[in-house]
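A.B. asks: Each chain, letter by letter, is given below.
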Amino acid sequence: MIAAQPFSFTSLAAALVLVGLALLLSWRQHLDIEKEMGFSCIRAFVQLMAIGYVINLILRADRPVYVVLMVAAMLGFAAATSARRARPLPGALLLAAVAIGGSTLVTLGLMLALGIIPSGARYVIPIAGMIIGNSMNVASVTAVRLVQDAGDRRPQIEAALALSASPRQCTADIIRRSVRLAMVPVIDSTKTMGIVFLPGAMTGMILAGADPLQAVRLQVVVVFMLLAAVSLTATIVSLLAPGRLFTPQQQLRRLENDA
Amino acid sequence: MGYALRVDAHLQPRIAVEGLTFEVGRDTQAPRRIVDDVSFRVAAGGVFTVLGPSGSGKSTLLRCLNRLVEPSAGRVLLDGHVASELPVQELRRRVGMVFQTAALFDGKVLDNVLYGPRLREGRAGGGGEARGAAAGEADAAHAQAEGLLRRVGLPAAFCDKPVTELSGGEAQRVSLARALANEPEVLALDEPTAALDPTASQVIEDLLLQLAADSDLTFVFVTHNLAQARRIGDHGLLLVDGRVVDQGPLPAFLDDPALETTRLFVEGRLQSGAACALPGAAPPEAAP
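So the protein sequences, as listed, match chains Z and B.
Quick note on numbering that gives the first Met the number 0: the first sequence kicks off at 0 and runs consecutively.
Quick note on numbering that gives the first Met the number 0: the second sequence kicks off at 0 and runs consecutively.
Do not take every clue at face value.
Between beta-carbon pairs, the in silico distance windows are [said to hold, decoys possible]: (1) 160(B) x 153(Z): 51 to 57 Å; (2) 153(Z) x 72(B): 22 to 28 Å; (3) 89(B) x 125(Z): 49 to 55 Å; (4) 238(Z) x 22(B): 31 to 37 Å; (5) 238(Z) x 196(B): 54 to 60 Å.
These are calculated hints, taken from the structure and not from any lab test.
Glycine included, C-beta positions come from ideal geometry on N, C-alpha and C.
Kindly produce the complete structure, drawing on both the sequences and the hints.
C.D. replies: Spelled out as structure tokens, the structure:
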């Protein structure tokens, strides 16, 4: 176990020097983002402290119901955040909730069922956090790109509709593209893992004093898990989105960002 | 609805439009009628021309015919059947449409012209991509596409051309072939030559005249171009600010305008938005 010394509140206070450096650079270069930077640091500190205490409580109580509540709360925030990005799409919140929630349930369920991770709060909460966070990003990118492409390709989509194509048929192309685009970062980071950067979960374990080889095994599991999770999310978005881009009479909606 | 019944009233029209209205902003303080109580009918094989200054609601009217937009009121009848009661895909198969821009799908000319037929075979994945057809099927598809290209005066070699290599006029001919592939009964044309140079425009115009003569396809042709309306249409109407201000046989109702608004339009002095203030701008009920 790691000694209390390295990550004490004293060391945290010392780390403020790093924030100061960033603020100084921003001020000297007239970037005008000092306020936002400072605010986000405070926010990150408060949020993380709060979640730290919450997780601490949950770990001590070790009651499944708390774990479920915690995961549900994370899902809710993720869906709301993603839905804000995809706002022009009618019913964006429900879409995001179904996509992120669905992929989380399936991925987490599989990992528990296959015994990849034990069912304790200590495992489920951080794993769920990683799944939900990545799914959220993918859901946002897929939906934003879809809305934009639907606007840009309106002439082709309407030409296809006029040739009696169904909404699904005439969006197959833009759906393929937006799903691909959303998954590229995950695939790329999978490819370059360990070479370009040392991923968070593994870094964390090594910092906490674990055997690096064990940390690597965890990371491989995380990578595989994220690949499944984002594929699921993107697939659910692509299955549900066409229904929202079109009216029930199969007319392409005019979304607010349309030219 | 007192719409003028002069156009082949004795026949069951191929397509009839009754009191068609399209309103935007109905949930706001200032709803606006883009298309306002429009009625007309076209007999099978007829060429009906919708004339009007830009912004008069011509395109929206046309898009109501195949339900690319949903009319707020009124109805469209296709062979006497209410269009909104037909499955929307059947309606759109029977009422084809050619747009101002060709709006071709990425890929080859062949994938574009066969898009409609492949939909019905369940093989179009969207975007007009051809997917693993057997050799025999591929030959049949090629033959079908070549036949369609011939109808629009393009050589068979065009089948395998990428659409990015087409000129504006060629692209529009491909889009016409793509619409014809669905064997529609009515072809709605939304200013198909407006984006073309005069030569390409003339080619498309000649093609349409030839199609009209050779088939019993019914045309609803939207244009702001008077000369073109005179050459192509057998009947037509003048739409200003979404309302029918005049209608009748072509070119007679343009050559000898009975109404002040029509005369102003013919003389090129009519601006959209000015019609309501004009003397002689009669509501459709009062049209002769």
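A.B. asks: Each of the hints needs a verdict: does it hold here or not?
C.D. replies: Results for each hint:
Take residue 160(B) and residue 153(Z): their Cβ atoms lie about 25 Å apart, and the range 51 to 57 Å is violated. In this structure the hint that residue 153(Z) and residue 72(B) lie 22 to 28 Å apart at CB holds, the actual value being about 25 Å. One distance hint, 49 to 55 Å for the beta-carbon pair residue 89(B) and residue 125(Z), holds here, with the actual separation near 54 Å. Range check, residue 238(Z) to residue 22(B): about 33 Å between beta-carbon atoms, so the 31 to 37 Å window is met.
Checked against the given bound of 54 to 60 Å, the beta carbons of residue 238(Z) and residue 196(B), roughly 44 Å apart, lie outside it.
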